[in-house]
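Asker: Next come the chains, spelled out residue by residue.
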Amino acid sequence: MDTSALRESATFDRATIRRIQQAAETGVYHIRGWGAKRPLPHFDDLLFLGASMSRYPLEGYREACGTDVVLGDRHASKPLHLDIPVTIAGMSFGALSANAKEALGRGASEAGTSTTTGDGGMTPEERGHSRHLVYQYLPSRYGMNPDDLRKADAIEVVLGQGAKPGGGGMLLGQKITERVAGMRTLPVGIDQRSPSRHPDWTGPDDLTIKIAELREITDWEKPIFVKIGASRPYYDTSLAVKAGADVVVLDGMQGGTAATQEVFIEHVGIPILAAIPMAVEALQELGVHRQVQLIVSGGIRTGADVAKALALGADAVSIGTAALIALGDNSPQFADEYEKIGSAPGFYDDFQDGRDPAGISTQDPELMARLDPIEGGRRIANYLRVLTLEAQTIARACGKSHVRNLEPEDLVALTLESAAMARVPLAGTNWIPGTEL
Amino acid sequence: MDVLEETVVDLASTPVRELNKALHEAEPGSRWRVENPRGAHNVAVGIHEDIRVTVEGHVGYFAAGMHQKGWLEIVGNAGTGLAENIMSGTVHVTGSTSQSTGATGHGGLIVVDGSTGARCGIAMKGVDIVVGGDIGHMSAFMAQAGRLVVCGDAGEALGDSIYEARIYVKGTVASLGADCIEKPMRDEHLAELGDLLAAAGRSDDPADFRRYGSARTLYHFHSHNTY
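Protein chains in written order, with our numbering: chain A, 16 to 452; chain B, 42 to 268.
The following block holds chain B by itself, in its conformation from the complex (with noise of 0.2 angstroms):
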């Protein structure tokens, strides 16, 4: 599709409940450019069909929040949650993002290429979260599925009472939390790394990086596992 087919939002002139609505209707494989967002919150949430969203400059909470399908670019920075319970498809953030960051999600790709506040990828259900900078603590807290990979550093205690997601981290760990340890990396670990890597269109190395899990200690409740 030729970019001239772009449809232009000017969020200092349309209010976002109009630019969601629009894109809540939107025709499959259409293109859009949101300009002026100016730090908006709850900007391109619920998006739910395969479009194409490039919006230009920060935006504030939520945006991108509970996105299904489709490609989502913020070409700035973004606030707390964003893309918070993804479902699928990608979002990509060329700037840095606050806390909460793919808190919940399901599914899908996001792609930081800054850094990312407390609690990147809390709570995490199979999304898929590459992070080109550092995170901050209490990162991958509770997360249960998906993978998290950093290529600078870890905060305080990461993947506090982590199930199953499993996290990538290239420079260094402050702590790790609550039932989190480091694994060793297999084979399949730096395929998987790879990919992911890969489809964030970054070049680092896989075997620079170490992998973190679930000790699995905290799966059944006991009397000497509460903190």
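Extracted from the complex, chain A is given alone in its bound form (with noise of 0.2 angstroms):
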């Protein structure tokens, strides 16, 4: 058959046709997990302009680019050093399978980082073998004990994130074993939400309030971090530092989820490259850039990505997605698998429903233990390293000592609408539009 001539709408694409056709079969909407897959304007519309007649190169293998990071050194009494400056994101025991997270603490360990828990409390596997642990508080305070904030090594307290800024949590009754259940409070089994406000503080002054006593509990001894989903990162920033925040998360609409609506996840939040500028604008404005640190992710992938959020000014990044691919999701090993179940390698998404070949997003303890937490653990480790490595190519090459000394005047964009968004000039123009020339 010659299909030379057949032409697909843009508009009403394969995949848009297909939601409708499941939208009127079921009536129900579509949950999956990922963040956005829709093409936005991303680090790939930035480029470095590198070292030339005007600017001095450090030599590519043989002199130090610096690359540790202390965070939340403004109030608390043990801030975290990291030696390098990419995290791993809060991803909860529950979610993903045991394995998985000994396997981001171990990878997180063995490269100098911090990984973090999520909804539903802090195992004992993932301290045990996370040398840097951040512990999450969030609306749901599934698993919230007292004794395990002692235990982290800073706190992060969760408004939001960026796959679904303003939603709460799902997680489905397939996940909900006896364990994850008992850890939660809930019954084995049933379709678990995680509510999407804070049960006992609604606003930034009672916030400061929640802050001081969550420092009062841990004796002033741990960063407290606020996390917030990117949509209005000037002021969730200028809010966040005036709570009394150490560390500013920010997260773009790129960033993944375990279960959302599809609609949610795609039409809600604004990507990581808008939402960088806003927040370190803030920080400046209140005179605290570089002492309230700004941890940035949603869509970071490589040293390239790394290298370009630190110059707009974050002071290290969170990967969540990428991870879980170094941990082999979306695996080719795995196709005849996720055939199976109506997916392929480069497009599973259906973190929700406990299924995944690779043992990460699920709780069946056969398809868990595909996964080794050692091998695992080396793998995370190993793409840490590129991703620094890579970091401090293009920083070396940008004349830096520090992946911190990264500048926005080392950029420039390809694209009025990243030029825009992460104001930096459109490349071979000194333009920034929204800016007078």
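It is possible that part of the hints are untrue.
Claimed, not checked - Pairs of lysine to aspartate or glutamate, EDC-like flavour, derived with a Cα cap of 20 angstroms:
#1 A:Lys52 x A:Asp364
#2 A:Lys355 x A:Glu381
#3 B:Lys62 x B:Glu90
#4 A:Lys93 x A:Asp28
#5 A:Lys93 x A:Glu236
#6 A:Lys93 x A:Asp162
#7 B:Lys110 x A:Asp83
#8 B:Lys211 x B:Glu223
#9 A:Lys52 x A:Glu277
#10 A:Lys166 x B:Glu90
#11 B:Lys62 x B:Glu47
#12 B:Lys62 x A:Asp163
#13 A:Lys257 x A:Asp206
#14 B:Lys62 x A:Asp234
#15 A:Lys52 x A:Asp88
#16 B:Lys62 x A:Asp28
#17 A:Lys257 x A:Asp28
#18 B:Lys211 x B:Asp154
#19 B:Lys62 x B:Asp91
#20 A:Lys93 x B:Glu59
#21 A:Lys257 x A:Glu300
#22 A:Lys166 x A:Asp88
#23 A:Lys166 x A:Glu140
#24 A:Lys93 x B:Glu66
#25 B:Lys110 x A:Asp163
#26 A:Lys166 x B:Glu66
#27 A:Lys355 x A:Asp368
#28 B:Lys110 x A:Asp368
#29 B:Lys211 x B:Asp246
#30 B:Lys62 x B:Glu97
#31 B:Lys62 x A:Glu381
#32 B:Lys224 x B:Glu197
#33 A:Lys355 x A:Asp387
To be verified - Incomplete in silico selection of chain B near chain A, CB under 7 angstroms:
#34 Trp112
#35 Asn126
#36 Ile163
#37 Tyr260
FYI, nobody ran anything at the bench for these hints, they're computed from the structure.
C-beta: ideal position from N, C-alpha, C; glycine also.
Both chains are given apart, each in its own frame, so use the hints to dock them into the complex.
Answerer: As structure tokens, then:
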């Protein structure tokens, strides 16, 4: 059959048509994992200028280029000292298997960085295998325990995440095993909701008191992070600083989720590229840029992304989806099994259904056993090393002896949109859209 | 232990931070009296030893937050988030409390002689709460486990989206929230309610109360059960 004359609608493409058909068949909206999949202005739209006559590069393989970062030294007596500016984002035991959590902890520890708990509390495996563990303090308070709070190396008050700013969470019943249910004080097998609002504070003034409470309970030792989903980052960052945050964690709409309505993932929030300059502006106006650290996430894949995020003013980045891919998510080795569940390597995003062939987003003992936490930890550590080496490569080329010295001046943009969002000139011009020439 | 052995901390001259640090380092069995709290926030948070603390006066937000052990009494009123995430032990307030009393509490007993504001027992996970007076709207929202006893009236949307917690109300209920229904009082409920009232030092008759809990129709996601 000659298909060359067939033309797919850009508006009603095949995936859109299928969604309409599914909605009509089931009456239920589509829930999936992963983050935004639509094309978005991203770090790919930025380029580094590199050293030239007016800039002096560092020798690529010989000269030192620092990568360490201190997080949370504004108020905490025990800030986090990390060897690299790439951390592992919060992902829950429950959404992920215990082996996956352990692997993330092992890999992060080997690379000298932190990993983060998620909704559902801290597991002993995770604490035991993580040199630096950030404990998330979420609206649900599932598994929230002051003993774990004291065991943590930092506390992250979660207001939202990039995949769903303003949304709560969901963990479908197939993943609520006896252990997961026990940690969350819920019946086994029910579809579990995580609320979108904290139960005992509502706004920045209350949050100020809440942060003070967390400091009091932990005797002012732990850095307090505040995580926000990117929507109004200028105001949210300002208010988080005002409330006493030591670190602001900013997650763009490409940031992943284990289970959210697709309409939410694709249509709420802003790309991380647009969010970083707004948050940095807020920190600079308050005179606390680099004193209150900024961690950004949502679509970090390469050392170039790391370097670009730092150049725009972040102190560190977090990875989630990329870490799962490093563990084996979407690997071609599971092609046959992806096909059985209606997916394929490169497309799998049904983290909500608990049938992950790679043994990562599942609580099924057989599937989970496929992921060796030691080998997984090795892969995570390798990937973190590559990200760091790549970021160093770029930093040296820009003449920086530390990756934190990268700056907006090192960047240009390829598109009008990215130039306006990142607030760097359009390549080949001195024009930053939105500013006067 | 003799009353004279109490350690007195005057918050008129001592920062809350010093009080909390001292309570975290307190010897098990020691007694503490806190004076002049004057509405301070975060009073006596994070207590994790079996000690006895009396706070003489009104306190602000999150008093007795994350209480893990021992007995704490507030002779006065308390603000938002009293004994939030309490794990064990007893917290007693002789006056009234603001909203989110006992939020997400995992265990232990909270007794409020007066009334509470909105969201009393929100997302409670095993704590028992006994309120001598009324409770505000949206109380026991998403309550997962534990018992909430109300000797007065309950506000609107009681027990909205409740899981397995049990609610006992002696007075009127303005309205029930989504998926919360009245349930029959069986002997075991009368018995546990009697124990809770006795633990709270109350003489109310369990037979005068009604029980509310989850209809469990929201336990599995469906397009028709969203509101």
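Asker: Each of the hints needs a verdict: does it hold here or not?
Answerer: Hint-by-hint comparison with the structure:
{"no.": "1", "hint": "A:Lys52 x A:Asp364", "verdict": "10 angstroms, holds"}
{"no.": "2", "hint": "A:Lys355 x A:Glu381", "verdict": "16 angstroms, holds"}
{"no.": "3", "hint": "B:Lys62 x B:Glu90", "verdict": "12 angstroms, holds"}
{"no.": "4", "hint": "A:Lys93 x A:Asp28", "verdict": "53 angstroms, violated"}
{"no.": "5", "hint": "A:Lys93 x A:Glu236", "verdict": "5 angstroms, holds"}
{"no.": "6", "hint": "A:Lys93 x A:Asp162", "verdict": "17 angstroms, holds"}
{"no.": "7", "hint": "B:Lys110 x A:Asp83", "verdict": "40 angstroms, violated"}
{"no.": "8", "hint": "B:Lys211 x B:Glu223", "verdict": "13 angstroms, holds"}
{"no.": "9", "hint": "A:Lys52 x A:Glu277", "verdict": "10 angstroms, holds"}
{"no.": "10", "hint": "A:Lys166 x B:Glu90", "verdict": "17 angstroms, holds"}
{"no.": "11", "hint": "B:Lys62 x B:Glu47", "verdict": "17 angstroms, holds"}
{"no.": "12", "hint": "B:Lys62 x A:Asp163", "verdict": "18 angstroms, holds"}
{"no.": "13", "hint": "A:Lys257 x A:Asp206", "verdict": "37 angstroms, violated"}
{"no.": "14", "hint": "B:Lys62 x A:Asp234", "verdict": "7 angstroms, holds"}
{"no.": "15", "hint": "A:Lys52 x A:Asp88", "verdict": "36 angstroms, violated"}
{"no.": "16", "hint": "B:Lys62 x A:Asp28", "verdict": "62 angstroms, violated"}
{"no.": "17", "hint": "A:Lys257 x A:Asp28", "verdict": "46 angstroms, violated"}
{"no.": "18", "hint": "B:Lys211 x B:Asp154", "verdict": "14 angstroms, holds"}
{"no.": "19", "hint": "B:Lys62 x B:Asp91", "verdict": "15 angstroms, holds"}
{"no.": "20", "hint": "A:Lys93 x B:Glu59", "verdict": "18 angstroms, holds"}
{"no.": "21", "hint": "A:Lys257 x A:Glu300", "verdict": "12 angstroms, holds"}
{"no.": "22", "hint": "A:Lys166 x A:Asp88", "verdict": "18 angstroms, holds"}
{"no.": "23", "hint": "A:Lys166 x A:Glu140", "verdict": "13 angstroms, holds"}
{"no.": "24", "hint": "A:Lys93 x B:Glu66", "verdict": "19 angstroms, holds"}
{"no.": "25", "hint": "B:Lys110 x A:Asp163", "verdict": "16 angstroms, holds"}
{"no.": "26", "hint": "A:Lys166 x B:Glu66", "verdict": "17 angstroms, holds"}
{"no.": "27", "hint": "A:Lys355 x A:Asp368", "verdict": "14 angstroms, holds"}
{"no.": "28", "hint": "B:Lys110 x A:Asp368", "verdict": "40 angstroms, violated"}
{"no.": "29", "hint": "B:Lys211 x B:Asp246", "verdict": "9 angstroms, holds"}
{"no.": "30", "hint": "B:Lys62 x B:Glu97", "verdict": "19 angstroms, holds"}
{"no.": "31", "hint": "B:Lys62 x A:Glu381", "verdict": "47 angstroms, violated"}
{"no.": "32", "hint": "B:Lys224 x B:Glu197", "verdict": "18 angstroms, holds"}
{"no.": "33", "hint": "A:Lys355 x A:Asp387", "verdict": "23 angstroms, violated"}
{"no.": "34", "hint": "Trp112", "verdict": "17 angstroms, violated"}
{"no.": "35", "hint": "Asn126", "verdict": "6 angstroms, holds"}
{"no.": "36", "hint": "Ile163", "verdict": "4 angstroms, holds"}
{"no.": "37", "hint": "Tyr260", "verdict": "4 angstroms, holds"}
This entry does not satisfy hints 4, 7, 13, 15, 16, 17, 28, 31, 33, 34, going by the numbered hints stated previously.
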